[in-house]
Structure formats: structure tokens, C-alpha cells
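Make a model of the complete structure from these sequences and hints.
Same order as they appear, the protein sequences are chains G and L. According to this note's numbering, the first sequence is numbered sequentially starting from 1. According to this note's numbering, the second sequence is numbered sequentially starting from 1.
One or more hints might be untrue.
Unchecked claim - These stretches of chain L come out as covered by chain G in the derived footprint (C-beta under 8 Å, 3 or more residues):
id, region
1, 74 to 87
2, 94 to 105
3, 113 to 121
4, 272 to 286
Since the hints were made in silico from the structure, they are not lab data. Please read all numbers here as calculations on a predicted model, not as lab measurements. Beta carbons: idealized from backbone N, C-alpha and C, even for Gly.
So you can see what is in the structure, the chains are spelled out below.
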Amino acid sequence: MARRGLAAVAGGAAVAAALPWLLDDFLVSLALSCLMYVALATSWAMFSGATRYVSLGTSAFFGLGAYVSAWTVAAAPWPVVIAGGALIAAAFAGLAGLAILHLRGTYFAVLTFGMSELTRHAVTYGEKQYAGTVGRVLTVAPSSRTVYLTVLAIAVAAVGVAVVVRGSRFGLALIGIGADEQRAQTLGVPTRRVKVAGFALSAAFAGAAGAAMAVRWTYIDPTAVFNPFIGLQTVLIAIVGGPLSLTGPLLAALVFSLLAEFLRLQFPYAYLIALGILLIVAVLYLPQGLAGLWQTRARAERPTAAR
Amino acid sequence: MRLWIELVVSGLITGGIYALVAMGLNLQYGLMRILNVSHGEFLMLGAYLTYWAYLVMHLSPFVFLPPLLVGLFVVGLVVHRLCFRRLAETTPEVEAFEARSLLVGFGLMFVVQNVALLVWGADLRGYQYLAGTVSIAGVGFTANRLVAFAAALVLGLGLIAVLRATLLGRAVRAMMQSPTGALLVGIDVRRLHPAVFGVGLALAGAAGALLSMVFEISPSMGEPYTVTALIVIALGGFGSVTGSLLGGLLLGVVEAIGMHLTSPSLKMVLSYGVFMLVLITRPNGLFVR
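Structure (C-alpha cells):
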């Protein structure tokens with residue numbers, strides 16, 4: 001299963017890597033935003049889908065990554081910038097996780113939302129105070145092909161790590177926490193450590209994605225990169241796709257980036273209304289997400305294999 | 001001294017509105033475990049409807065308040081019927097229900113806010129109502145702020161009185177304490193849940209109506225109030241309506257004084273800081289022993 005999954009990921013990645021040489025700029029930028037959401041939604045589902053700790057803090061990690069990139073891109077080599085974004089986001093998530101991961105359900109969701117808003121305001125304040133400006137113009141930036149391939153690499157890494165994690169003890173521990181945390185603890189899972197590690201791991205990908213995407217925008221400010229909408233759309237894609245599946249979020253990321261690209265510019269309000277309705281419908285009628293559609297069918301065909 | 005009186009009184013005035021917003025939200029959460037993050041959007045709806053009634057039909061906000069309350073109550077019934085009833089039936093486990101209803105709330109937020117943007121556009125709007133100045137202890141306040149505060153307090157205390165004294169209120173409190181026990185003594189959940197959800201929205205709408213008398217309104221005005229309501233609820237305790245009233249007033253005063261002592265640009269950092277600190281250290285609220 002894991003081997004077949006990895007092979008499929010490698011095939012998809014090879015196709016995606018060729019796109020900048022085959023398609024025009026518009027389609028490549030579409031593919032780029034799709035890959036960004038693949039990375040974000042897959043890494044979100046890795047932790048939140050498995051443990052059912054719904055995190056709304058993705059935008060905090062993304063924004064931190066973007067700011068690390070803005071601060072260092074002129075001075076450091078590109079891979080170091082990306083790694084820095086990932087590390088800072090992971091460290092921040094680790095610290096925040098130590099403080100808030102004992103709270104479940106709504107408390108956790110609301111706290112992570114508060115955390116990303118607090119980070120945004122703190123960065124705004126810090127930039128005003130010490131840099132004398134709110135936004136930053138990125139004059140030095142790698143070529144757009146480099147950015148595309150970087151985001152592709154992050155997305156592939158996220159999917160690959162998700163596949164590996166699923167089959168590992170660590171992944172089973174995460175799912176055990178989602179099913180029944182107390183039981184998992186009783187059975188000897190170090191729940192606190194697993195949760196903090198999972199939260200930090202998932203944040204690392206969001207941080208890396210933020211660091212890579214920041215240079216695409218040439219001008220960044222806290223309102224743009226800490227936009228709670230990034231976090232919400234990530235959750236939306238993962239939920240609509242199916243928080244427990246790998247292929248679901250991939251498909252959903254594709255659908256949503258297409259929707260966003262074609263609707264958002266012409267009908268921004270209608271686009272967001274559609275997003276809202278989709279989210280509600282998905283939560284109400286597709287608790288397993290889009291992936292639930294083919295998973296139930298597969299189970300119906302092979303009733304014994306499902307057990 | 002005069003400065004401090006001014007800070008405290010203006011803090012209390014803002015806090016009264018905070019309290020009203022938070023009480024509706026907390027009532028819904030305490031009873032049904034629905035943390036409705038689209039709460040502020042219904043506040044915005046109330047503000048716009050009041051504005052529209054004032055401009056088009058020349059109705060004073062207070063004359064329009066009763067129909068507004070009824071209207072939003074009905075909206076609440078419909079929203080509950082469409083979104084939350086099915087969710088509650090298909091998701092019996094509390095934690096999963098909480099997480100999912102939160103996501104439904106975000107969906108509603110997108111829908112309501114952007115429908116408002118489509119209908120009314122993104123501009124700031126406002127009207128003049130009771131804009132004269134009244135002086136208290138030598139400090140001047142505009143009359144509309146005082147009236148809004150009084151109305152918020154009346155509505156808030158009224159809600160607490162209903163919860164304390166009437167049979168209906170007792171039923172609601174019983175369900176908050178023990179849903180199963182309430183079912184056993186014959187309280188009709190299927191009727192009470194939508195009704196309480198409607199009351200929550202009606203209170204949000206009332207807060208919006210009061211705000212529209214004082215401040216300019218815009219379709220994105222709701223979100224900050226949702227956040228403030230969450231902070232107030234965290235201060236007063238999830239599920240405690242009286243706690244929300246006290247927490248709202250407290251937050252108003254703390255904000256007014258904090259902004260005076262530091263700087264207005266730190267307002268959100270301060271509120272979020274307080275919020276996270278309280279949730280991390282005292283997740284059951286400040287007033288719980």
C-alpha cells in the first residue's frame with residue numbers, strides 16, 4: 001500500500017515537474033497555487049485529520065515562514081531560506097503545542113485561531129516598531145521556475161511524509177489519539193509528545209510553503225500572509241477532500257484552485273459564498289469527504305477486506 | 001480622577017455591547033455545544049436592517065427593535081433547521097459535533113458576509129441618531145452611547161431574569177447541566193434547541209442595532225465582534241451567561257484602560273493575549289471557583 005502510494009506520488013511529481021516547460025505562465029501559476037494547497041492540506045490532515053484536533057492556525061505557520069523568507073532571502077541561499085521557514089514554524093508550533101495541546105475540541109480550534117491572529121498582530125507591531133514599516137518589498141527573488149519546483153518539492157515531501165507516517169508507529173499513535181485519547185494513553189502512547197511532534201511536523205510544511213510563496217508576491221504584509229483565509233481554505237480543502245484520506249485532499253486542492261482562479265477575480269463574493277455553502281454541505285453530508293464516495297464503494301465491493 | 005471616570009464609563013459602555021454579543025453566543029454554546037463563529041455576521045445583519053429601516057421607513061431604531069428581534073429569531077430557526085439539526089442527529093459524539101459545527105459556522109460566516117457585500121457593497125455607512133451630548137459627573141458622552149448601553153443592559157439582565165425565574169429558563173438551564181436528565185424529566189429538546197439558537201441570533205441582531213446608532217457599519221464589522229465575544233466567553237466561562245455579562249463589562253473597561261496606558265495599535269495584541277492567557281490557565285473562566 002505504502003509502496004504503491006509512493007510510486008503514484010513519484011509519477012505525479014514527474015509530470016508536475018515538467019509543467020513549467022509545457023504550459024504558459026497562467027496555467028503554471030494555477031498549478032503553483034494548487035501545489036501550495038496540496039502541501040498545506042496534506043500536512044494539515046496529517047495531524048488534524050488523524051488526531052481530530054482541528055487546527056485553524058495554519059496561517060500563523062504560513063505567515064511566519066513567509067516572514068522568515070522576507071527577512072533572509074537577500075542574505076541566505078535559497079534552500080536555507082526554505083529550511084529556515086520550516087524550522088521556525090515547527091519550533092513555534094512546538095512551543096505553542098506545549099501550551100495548548102492539552103485542550104481539545106472547540107477550545108483547541110479557537111485557541112489556534114487566536115494564536116494566528118496574535119502572531120499577525122505581534123509581527124505587525126514588531127515590524128512597525130523595529131523596521132518602521134508594515135509591509136516588505138522583496139527585491140531579490142529566485143526565478144519563478146525555481147519557486148515552482150520548490151513548492152512542488154514541498155508538496156511531494158508533504159504527501160510522501162504523510163504516506164510514510166500513516167504506516168508508522170507514530171502515525172498509528174496519532175490515529176489512536178483521534179479515536180480515543182485516554183485509551184491511547186492507557187495503552188502506553190506518550191500522547192503529549194506525539195501530539196506536539198505531530199503538530200510541529202505539520203507546521204513545518206506550512207512554514208516551508210509560506211517561505212517559498214512569499215517571494216512570488218514581491219510585496220508582503222502581515223494582513224496578506226497571516227490571512228486567516230489561508231488557514232480556513234486549507235481546512236476546507238482537507239475536510240471536503242476527506243481528512244483521513246490522501247487522494248481526497250489532492251483532488252480537492254485541484255478543484256478549489258480551479259474554482260478560485262476562475263471565479264475569484266470575476267465574482268469574488270459569489271466565490272466565497274460558494275465556498276461557504278460547499279463547506280457546510282461537505283460537513284453535513286460528506287463526513288468522510290469526497291474520498292468517502294469511493295471508499296464506501298470500494299468497501300461495498302469487498303465487504304471482507306474492509307474489516 | 002476625571003480621566004479615570006471617563007475611561008471606566010466609556011469602557012463600561014463598550015463592555016455592555018460586548019456582553020450582549022457574548023451572551024447570545026454563550027447561550028448557544030452552553031446549551032447545544034455550537035460555537036457559532038458566524039455570530040458577528042448576524043450582528044452585522046441586525047445593524048444593516050436597522051440602518052435600512054431608519055433610512056427607508058424612517059423608523060427609530062427602538063421602534064424597529066421588536067420586529068428585528070422576531071425576524072432574527074426566525075432566521076435562527078431556519079439556520080438551525082437547515083444546518084445544525086441534521087448535524088446533531090448524525091454526530092452524537094460531543095467532541096466531533098463541536099468541531100463540525102465550528103466548521104459549519106465558518107461556512108455560514110462566508111455566506112452571510114458575502115451576501116451582505118453583494119447586496120450593500122463594502123462602503124462604510126451610518127446615520128445620525130441621538131447624537132447630542134449628555135454630561136455625567138462632568139464628563140460628556142453622546143446620548144446614543146448611553147441609550148445603547150442602557151438597552152444592552154436591559155436586554156442582558158432581562159435574559160438572565162428569564163433564565164432564572166421562568167419555567168422555560170429553568171428548562172434551558174436544566175439542559176445545560178444535564179442533557180440526559182432534562183430529557184428524562186420531559187423537556188422537549190427538539191423544540192428548545194432551535195428556539196435557543198434563535199434567541200442567540202436575536203441578541204446578536206439587537207447588539208448590531210445598538211451599534212448602528214453609535215458607529216458606522218460595514219459588512220465586515222461582524223468578525224471583530226465574534227472574536228471579542230469569544231474572548232468574553234473565555235473570561236466569563238463557556239456556558240455561563242451571567243459570567244458573560246460580567247466578562248463583557250470587564251473586558252470593556254480593561255480595553256479602555258489598557259489602550260490608554262499603552263497604545264491603541266496594541267489593542268488586538270492585548271485582547272488576544274488576555275484571551276489566550278485565560279484559556280490556557282483558567283479554561284473554565286475567571287469567575288469559576
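These are the hints, each one checked on the structure:
Chain G is given as covering the region 74 to 87 of chain L, and this holds because 3 residues of the stretch bring a CB closer than 8 Å to a CB of that chain, at least three being needed. Counting residues of the region 94 to 105 of chain L whose beta carbon lies closer than 8 Å to any beta carbon of chain G gives 9, which reaches the threshold of three, so the coverage claim holds. Closer than 8 Å: that is the beta-carbon criterion, and the region 113 to 121 of chain L has 5 residues meeting it against chain G, so the requirement of 3 holds. With 7 residues carrying a beta carbon less than 8 Å from a beta carbon of chain G, the region 272 to 286 of chain L meets the three-residue requirement, and the given coverage holds.
Violated hints are absent here; each numbered hint is respected by the structure.
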